Structures are given as C-alpha cells and as structure tokens.
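Keeping the supplied structure of chain G fixed, place chain C upon it in accordance with the hints.
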Amino acid sequence: MIGGLFIYNHKGEVLISRVYRDDIGRNAVDAFRVNVIHARQQVRSPVTNIARTSFFHVKRSNIWLAAVTKQNVNAAMVFEFLYKMCDVMTAYFGKISEENIKNNFVLIYELLDEILDFGYPQNSETGALKTFITQQGIKGQHQTKEEQSQITSQVTGQIGWRREGIKYRRNELFLDVLESVNLLMSPQGQVLSAHVSGRVVMKSYLSGMPECKFGMNDKIVIDKQGKGGTTDEPGKSGKQSIAIDDCTFHQCVRLSKFDSERSISFIPPDGEYELMRYRTTKDIILPFRVIPLVREVGRTKLEVKVVIKSNFKPSLLAQKIEVRIPTPLNTSGVQVICMKGKAKYKASENAIVWKIKRMAGMKESQISAEIELLPTNDKKKWARPPISMKFQVPFAPSGLKVRYLKVFESKLNYSDHDVIKWVRYIGRSGIYETRC
Amino acid sequence: MPAVSKGDGMRGLAVFISDIRNCKSKEAEIKRINKELANIRSKFKGDKALDGYSKKKYVCKLLFIFLLGHDIDFGHMEAVNLLSSNKYTEKQIGYLFISVLVNSNSELIRLINNAIKNDLSSRNPTFMCLALHCIANVGSREMAEAFAGEIPRILVAGDTMDSVKQSAALCLLRLYKTSPDLVLMGEWTSRVVHLLNDQHMGVVTAAISLITCLSQKNPDEFKTCVSLAVSRLSRIVSSASTDLQDYTYYFVPAPWLSCKLLRLLQCYPPPEDGAVKGRLVECLETILNKAQEPPKSKKVQHSNAKNAILFEAISLIIHYDSEPNLLVRACNQLGQFLQHRETNLRYLALESMCTLASSEFSHEAVKTHIETVINALKTERDVSVRQRAADLLYAMCDRSNAKQIVAEMLSYLETADYSIREEMVLKVAILAEKYAVDYSWYVDTILNLIRIAGDYVSEEVWYRVIQIVINRDDVQGYAAKTVFEALQAPACHENMVKVGGYILGEFGNLIAGDPRSSPLVQFNLLHSKFHLCSVPTRALLLSAYIKFINLFPETKSTIQEVLRSDSQIRNSDVELQQRAVEYLKLSSIASTDVLATVLEEMPPFPERESSILAKLKKKKGPGAVSVNELEEGKREGGELNGGGERGDNSAIAASNASTPSPSADLLGLRTGPPVTAAAPSAGSLLVDVFSEAGVNDDGFLRDLEPPTESSDSLLAEGPGDSDSAPPSVVSEDPATPLPESNELLNKFVCKNNGVLFENQLLQIGIKSEYRQNLGRMYLFYGNKTSVQFITFTTTVTCPGELQSQLNVQAKPVEPLIEGGAQVQQVINIECLTDFSDAPLLNIKFRYGGALQNLTLKLPVTINKFFQPTEMASHDFFQRWKQLSLPQQEAQKIFKANHAMDTEVLKAKLLGLGMALLENVDPNPENFVCAGVIQTKAQQVGSLLRLEPNAQAQMYRLTVRSSKDTVSKRLCELLAEQF
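If you're matching them up, the sequences are chains G and C in order. Quick note: to get this note's numbering, add 6 to the position in the first sequence (first position is 1). Quick note: to get this note's numbering, add 87 to the position in the second sequence (first position is 1).
Just so you know, these hints were derived from the structure itself, not from any lab. Among the clues, some could well be false.
Just the calculated beta-carbon pair ranges, DEER-fashion [claimed, not checked]:
{"no.": "1", "chain 1": "C", "residue 1": "Lys111", "chain 2": "G", "residue 2": "Ser192", "range": "35 to 41 Å"}
{"no.": "2", "chain 1": "G", "residue 1": "Lys352", "chain 2": "C", "residue 2": "Gly156", "range": "20 to 26 Å"}
{"no.": "3", "chain 1": "G", "residue 1": "Ser374", "chain 2": "C", "residue 2": "Leu269", "range": "55 to 61 Å"}
{"no.": "4", "chain 1": "C", "residue 1": "Lys264", "chain 2": "G", "residue 2": "Ser374", "range": "55 to 61 Å"}
{"no.": "5", "chain 1": "C", "residue 1": "Asp333", "chain 2": "G", "residue 2": "Gly31", "range": "52 to 58 Å"}
Please read all numbers here as calculations on a predicted model, not as lab measurements. We put the beta carbon where it would ideally sit given N, CA and C, even for glycine.
The following block holds chain G by itself, in its conformation from the complex (with noise of 0.2 Å):
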C-alpha cells in the first residue's frame, strides 16, 4: 500500500508531504529527489526503486506528485490514484500549478487524510468530496446533525458518488466525446501504427436519481441486433458500427448489465465527469495526410518540401493545424516559402514550425523550406526525426457516433424528453508522425 506522497516543484523543494506509513523515513523524500528530479540523465521511467523503495510520479506542469511505498503495490492502482488525486485537486482549485498548491496547502492536507487511509485508497469523487470538504471558512460550515448523518451514509452507502435530493430546473445533459488519432507513417505513405484513444466525457445537470441509459454505433452490439432485429434493412443501417478494442468505466456504470447486454446503463454523478474511455485501432479516419520530401544538396544544404492534404467532408473544418519539421542540429539559416499559413524555424526547438488556422476538408496546401547547414567534425548522420503535426477537428476520427442516450427518473416527474441533451464530437491529434 501506499506509504507516503509527496508533492515537489520543479526545484525539488518540497511542497506537500504526507507519510501514511512508518516504513518511510524521512530520507525517503530527499531519496526521490536526488535519484529522480536532480537526476543527471532525465529519468523517464514513472516508476524508480530507490533502496527497496519504489516511487511512483507523474508530473503536472511543473509539479511532481510522487506515491512512495516498501511493499509490492498493484502500480496501476497507484497511478490511478494519482490521476484521481490531480482531478481532485483540478476540481478543487484549478490548475495545479506551485501557487495554488502553496495557496491550498491545508485544504490538500484535509483531501490527502480523506481519500488516502493508512495508504489504502478511499472514496475519491470529486462530487462526493465536495460535500463535506469545502474550501469556505468554518463559519459556512455549519451542518446540521441530519446533513452530517447524510453525508455518512451517503459516502459509505452504495451509490457512493452521487447524493440524494439534488433538484435542478432545466435538466440538462452535457456529452462530448473526445479522441486523439496517434499514428505513425512511412515516407512513402504506408501506416506503421495508428491507434485512437477516446473519452466520453459528460456533465449532467439532472434532478433526483435518475437512471441514464447510452448507446453508441459498437460493432458487436449492432450486429446482434442486425441478426436478431426484424426492420432493420443492412443498407438503412449504413451508418458504420465501431471495433472498439478495449474499454472503462467510470465506477457509475453497471459492469455486470455491460457484461450480459452489453448496454451502458447507470446513475451518473453530478456535474463532469468522464463516463467511459475507449481505444480503437481498425478503419480510422486519418483526417491529414503528410507527404514530406527531403533532398540533401551537398553537405551544407537540405531542401525540404511537404504537403499536407486533409482527407474529411469538405463542409468541415480543420482548426489549430500545426505542422513541425525538425532540421538538422548544424542547421545555420533556414528559408521558408508556405503558400498557407505562417511558418517560422524555431532555433530553440530545432525545428521549423507551420502553423494553418483553419482548413476545410479535401484541401491541400504545401511548404517548402531550404535548410542551410554549417559543416561538423562529426561524422554522426543527421537521425531525420519524423514530422509531427496538431490539429483539431469536428469529428470523431474512430468514427464512433452516439445512438441514444436515455434518462429514466420515476419518482420525480420528468421524462427522457423533457431533458436537454448536447453533443459534440472533437478529434484532436495526439503523436501523429510521419518519418521523413
């Protein structure tokens, strides 16, 4: 179990720490931030065995949060909780940055002692939490001996994340769902790996307990109901099903009802939250195609050209396009000719960077760059890291589309129509690289 977490800046002063258990001496914080902060190679791993003890970080911003323990822990389980615990300070104050944690040092001291017990992990909903750790003085927080009663039961009763009698006016529902396309392609267009990673992220404003019931275009629930379903014609079905690879849940929803019927049905916690995550590597949308053309002239001059070409309905549009082409680490001058956009070689980065607005579908627009080289001692050949590129767009590059998404409330009078529901669908592009 977990034996202690410390929270450091980027100096590796230490901002919070909270040793859970007495297997961790004190020695164990500056241990992490000697091996791991002040490393002299950069450590990438997120775990680091330091003496017999492990060290678990992830790193936000400038900030390390780091899980320590002696014992042989489920890493996963580690990592989630500080996932966890980065949300619940992002829904607490923000941006996790060293002033606030500096300014919101007993409140974290106050979450650290509720979510985490003697290291083992305890309820950690954003929701939940909220309801009897607040951040107004000790003078609001005069509750009744019913509401205290209520957050007990409510916290350890089973429907641990969402509290009762919560009444809204307009009930209205919030769904997007997020995805990052990565992918890796050759020089001469071939995919080497493309893989999507998506998020259903939802925030539902619903009065009561109500019961929500999603549906999503996955492949093996359409099939079973194309052999099973009487009206559906193949052809009227044209709208494509999804091979979804792997997925989670956010606790909410009901595995075992997932497992029988394969259906998504829950009661959803108040406000945001991320219902489920999924990833899909068949039939992906590449929304851009990056055509790179490298010529070395000589020994001091490289000639580079690329095309971009964006492959979506002409009646969309592309936004933050960003296309970074590194150069070479001799690079003297660069000179750079782009028919869209701007283009700029950023020394500091090594790399020419193209940044486009915007850009509808089935377009196309081309750079072409001369890189002047200074000559090196070294005979060391110049790596030819991939091109990278970022953009954003309005669709879901999976593919997946929402079919329904029902609510259920029978003790209060509202219906499945009488709720406002959005939807909204955002591609974004994680490591999307072609090699050059």
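For chain C alone, kept in the frame of chain G given last:
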C-alpha cells in the same frame, strides 16, 4: 600583461549566462541553448568574416555550453583561428577552448601544434606562457611527442624570462607524469638542477617540483641537488622575514619553497659531506628554534605556514633517523602540539609521533607523553584524532608500559567509536600477546576483550588465544578456570562461548577437582549457552561434549542423553546432525582406549606469525590485501576449527584412509603428530582392513639380484637408454625393495584397489583396471606430513626378462608434493607374454633435507589378465583331461592361513579373475575355475581346482594350463592367498 581593451566585457556572453541562470526548468534551458547554438551556427556560417571580438565571444559561449554538459561539435576551427590573433584575450580564449575541448581531428591538431610552435618561438613571454599552459593542460601523449624536446631548451635557455621558466618547468613536469618515456632529460640534468640557484624564487619553486619528481625515478642523476637544496634552504631559513619581499607569507619566508626543499631532501639519505650535513642540521635546528619563538602575527595563516615547515622538517628528521638530539627535540615539539587547541595540529602531531615512536632514539622521548595521549584518546572530540591517538599508543607500547596501555585501551574500548572498534580490538590482542610476561595476564586481557567488545572480536583473535593456551601448559589450568568463571555471567558473547567450549573441552579436567566446577557443572554451564548460539558454535560445543565424555566418563550418560535428543540427532542442520550421530556412536561403540586416543588432547600448534597481525595489516591497507594473508587467515581458521572439532574424526580418517579421498587425508595428515616422533598410531588400535597378516617370503632376495642381462628394451619411453646400460633402478639405486614388498604384492593378487604402502611419511594408494592384455594403474602418493616433499620422482622398471614380457609406461609425476597433499600417477601396462616377476617401483624424494628412497613391487601379476570363461561340467572335464601333460599341471598342498570360509574363498577366487564354475565338481566343497590369460603373443587357457580339507585345515590346489610357466606361477601366487 596587455591592457584590457574596451570591448572585453563581452556583454552578449553575460546576457546569455544570466538567461541560462534564470531558466525555470531544464527544458527552458535546453531551448535557450538550442537557440544560441543556432545563432552561433548562423554567425559562423555567415559570409562576412567575423571580427576577433565576436569570434572570441561565440567561442566563449560554446565553451560555456560545453561546460554545462552539452555536446559541441563545431567551432574548433574558429578557436584555432583565435590562436593566431595578436590580442592576448583572444589568444587566451582560443587556448582555453582548445585545452578543454581537445579534438582528435588530425588536421586540427596539426594547426594547433603549429600555432603553439609559433607562440613558443615568439619572444613574447605572455604568449609563450599561454602556449605552455595549453600543452600542460592537454598533457596528452601527442603533445608530449610534439614538444617534449622543445620545452627543456626553453627551461634552461639563458634569455628566457622567469615567468616562462616557471611555466616551462611545470609543463615539463606534467608531460613527464603522463609519458615519462618521452621526456628525456639526459643532457639537461645538470642545468635543471642548477635552477635551484636561480635568482627568482618562483623559478626555484617550479623547478623543485620537477626535480623532486625526476629524482624519485633516477635519484643518482640528481644527487647534486642535495647540496644545492641545503644551501638554498639555509639561505631562506636564515633570512630575515623582510628579505624575500614577495615571497614572504605572513612573516614566514617562502614557506612553500621551504616545504618543497625539505620534501626533496626526504628523497635522499643524509648528506655524506660533513659541511653540508652540518649546514642542514643547523637549518633544522633553526626551524625547531623558530617554532619556540612567539608568533609574529596572530593570523592563522602565519602559524599554518610556520607549522607546515616545521612538520616537513620533522618528517625529514624522522627520515634521517640519525640525529638523536634532533629527534628528541622534534618529539618535544610535537608534545607541545599535543595540547594545542587547534585540532588539526593535534592530529598531525599524533601522526608524526607515531613514526617517531618507531625510532630507537626517540622512543623513550615519545613514551613520556603517554598520559597526554591517553587523555587524547579519552577526551578528543574528533574521531579521526582519537584514531591517531590509538595508533600512537600502539606504536609506543613496549614491555614496560604494555599493561598500562592495554588497560587503557580496554577501558576506552567500552566507549570507543564503532568505526575503530575492530581495529582497537586487534591492537589490544596483538599488544597483549606481544608483551605478555605471564600468560594468565594475556588470557585475562583477551577474555576481557571478548566480554567488552565481543562483536568486534574477529575469529583470528580467539583462534590465537586458543593456540596460545594449547601451546603453553602453564596457562591451561588458569585459562580453564577463568573461562569457567567468565561463562557464569548471565549473558556472554558467543565468542566467549566458543573459547569456553574449546578450552573446557580440552582442559576441563584441570579444574574438575573443585566441587564448584565439577564435570557436570561444567557441562551444564556450557549446555545452558547451547541454545543461544549459532550453528558453528553449536558444532564446536558438540565436539566439546564428546571430549567431555573422554575426560569425565561420569558425564557419559548425560551427554549421550543430550546427543540422543531429537533436537540434536534430528537437527535440520546437516553438520550438527552428523556430529550428533557420529559422536553418539563413537561414545557408545568405542572402548575407552579408543576414545582416549581419538579424543586425545590437541597437539601443540606450529609456531607461526600471529594471524592477527596479518589481519591488522589488512585493515590498515585495504589496497594491499594480498591473497596470501587471506589464505593464511582462512587456513588458520580451518585448522583451528577443523583441528578442534574434527580432531577426533581425523584420527580415524588417517588410519583408515582407504579411499584416496584428498579431503579426508588432508584432515588426517594436517593435525597428525610430527613425523619425527614415534608414530602414536591411532590406527593400530583400529582394524586395518588391508593388512592381512602374511608370512614374509624370503624370496625377495631373489629380486635383489641385479639383472645381468638386459634384453632389448621394449619400453617406448626409454629409447635413449643404450642396451648395455642396466636399468636405472639398479644402477643408481642400491636400495632394495622393502622386505614386505612381496607380501604387499600378494595382497593384490585378488584385488585391484587398496593401499599399497604406508609409513609415517607417505601413503601410496592404488587403483587398477584391466581389460584383455591391457591394464591401467593409478597410484596415489599422499604426503602425510605437513612439510612438502621435493624432487619427488618415481621410476618403474622391469627387471630381467620381464622387460620383454611386460610393457610398462609410467606418466611423469609432479616433483613437489605439498604437506598433506596427494598426487596421482598413471601407469599403463601391456602384457606381451606370460610372466612371473613383478615390475619394480622406485620412489625418491627429499623430506626436510633427507633423501628418502624406497622400492616396491608393483602388484601386476599374471592373473590380472584373466578373461573368465564359463563352461559346463562336461566341457570342463574334457579340457581338464586334454591338459594332461605333467608339465602342464602344477599342484600344491598347503596349510590354510586363514579360516576356511566358503564365501571368502569364493570372493577371492572371483577376485583372481577366473570364472568360478558352479555345479561342476562332483564334490560341492571343491571349487573349480576356468579362464583365459590374454597376452599380446598368445592366449593361455587355464583351469583351476581347489579342494579344501576342513578337518586338516589344508588345501590342495591344482592348476592346469596350456603353458607350464603359467601353471607354476599361478599356483605360487594362489598358494599365498588361502
């Protein structure tokens, strides 16, 4: 130095550095550096030539980036360009870059070397210095190759500036250290030495470093420097503090130079020239005098400089070790420092005194400070100083103050720092042993030591105390009593239990008379500690118990009870279990005589260097641990342990070392009594399985007859031997085969393995195998003593006509057999035709100077080449009748030497190599055998019939074979067997 020009501030560099310093994260820093690198690249690439200032600035930035830990792979060319600049600052930066970022690019090296050469030959001293510094900083072999010839010239040239000379001397020193083979002083030697006379003190200081280093390599060439150094030293020492102006440091004239001079003098013995020596003594006296003067300044630098010279002077005095007067004065001076409030001074004083204590002149003087040193040991706050104090106490210890010092060290041990405890323990143990006047004091001290710091008492210490107790009879009783008392403490250290177990096991009888320490009390006391101890200690205790059984028969039942208990006899530890089982058996089976022999008191240990000393040496110089010391420690341990715990087993092992197992032999032989003593053969009490009593055959005389005719040698190994030469065994060796050799031979007629020969020195085991007409024999020579056998040689010869009958080839054997070791020799035998004699084995070796020579018969007999033949009754008698010629039969009627046991007879006949045929002879009491002897020339079928007569205790043996000699020989051989 040229004036600093206006633009030398290099603002761009300052801005860059402050940018880097302000970076919040590593990533930001890397970004900034990348940007700067791109900028510099574009600047270097730029078409218009850069002026010197910007070139310098960018090279400087590159250098800074490199020093931050990033790779730099360009800019070398620009740096080299800077070298040819005429501005000091640009040149300096260029050289700095080159010396930090040496590039192996050959073209660049050529350019750099060229630039350096130019600068060296320029008349500008600053440039020359820069070039010299660069050479020294790079200090590579290439540099040495290029400039090693040039620099001495600059060093001794008359017109070289002083500052350049300094640099040249130090540069040469550096090159000499990296590649001494390239720096050849030869012709320059005398001129370099004369630099000691240089006007300029800086030059002298630099030169003296060089000379010290060179003179360590070839002291003879630089011998002349001694007188020069002395005169220089005397000039400095006698000068007033204002004389040397720049070189006076806080009122001390030229302290560094003085120290170096004194150190140089330490490379040489005292000067022989009386005048020089007188002058030097005068100098040293002056230095000692000056130490007494009141300080001219209160500043710490003043006293530091003064003391530095003083300590160097004292080391020189110690090094010479010939001036009693000076030594005593030095000692007194150090004595003053012992109470100085400066910790460093106390430390240094203690350290120097340590070396002083070893000098005969000052030993007494050092001893006068004993109280102070003891006080230092007790009160000093710094552990390193306490350590030195302990060292000094150890060094100043002698017979007169040993008791006091050991007592003090013991009492200090209780509070001593953990890091030095082990060493302290060793020192106490050594001092106690070295200066022990009466051994009861020694035993007391060591037992105290174990009591106070048991954890730090290494194995060697308690081994040693046991060795000493065992070797000295006068202390044994006292030791037993003391140990007994010590063990009565409710909690005692395991080492104490070990010593107690060992000593009571050996000498418990000496105190058994006292009813307070009666045998049973002793045993119960030991056994009460048993369960608190680790396995090795328990094993030792078990051995002590079995020794108790021998010492006090009245404890036998109690101890057997203990041994029989499940916790012993079924112990999960194999060693303990085995001991319990073996000791239990030994105590119940063996008679008291056997027990007394087996469990005899340990023989005295051979005197040797104390293993503790070796251990201390090891601790002192961790780098200098030699394998020997380790080995010795181990062996010592093994011996003591093995000797004590296994002494009982080993006697058995030695006596019946039938199997040639080296480990058993080692154990048995190692603790065996000295060979010169009459062999108290424990083995004689035990049944020797191999010695079968037999009559001496007088026939051995026949073997002594030198073979007169030497037939054609068929021995492959002896082609060099001329035919006329008699076989070597006879010519060189008048020694006869041992009288019992024939008997030995007979032992092996019916068996192939066993002990061929054994006396107090040597044991020869044998193992042989035969197939068809070929045989292979393994001889194992075991050295039973603890002294090595040298020039150990063996020769196998076939006397007489045997040479044509048997082909024997012996592989050479190791000429050296370590004490307790065993070597093996392989002998290949080929039977050419039938034979009746046996080959002779001659063994020669030197044992402790005396030549030992013995000759044995190798147990190769004709029956070894038997191939058994199975046949039915009908066949047998048919063949029996076929061999009816009178010469084909040999018959013997003889009296039985052994009991007529059918099974034994059968076993022997089978061992003979023939097939024992059942149900052939009508009389079931009779034995018949059949076999074919395989020789290279022919096969000889043989039939045998043995008719025992139980009433008369007689046998009738009939052998029939196709060859008459075979029948006869077989009959002879077999007659001895039954």
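Here is what the structure says about each hint:
Restraint check, Lys111(C) to Ser192(G): a C-beta distance of roughly 38 Å satisfies the suggested window 35 to 41 Å. Separation of Lys352(G) from Gly156(C) is about 22 Å and conforms to the stated range, judged on CB atoms against 20 to 26 Å. Against the hinted window of 55 to 61 Å, the Cβ-Cβ separation of Ser374(G) and Leu269(C) comes to about 57 Å, which satisfies the hint. In this structure the hint that Lys264(C) and Ser374(G) lie 55 to 61 Å apart at CB holds, the actual value being about 58 Å.
Judged by the Cβ atoms, the range 52 to 58 Å given for Asp333(C) and Gly31(G) holds: they are separated by roughly 56 Å.
In summary, the structure agrees with every hint in the numbered list given earlier.
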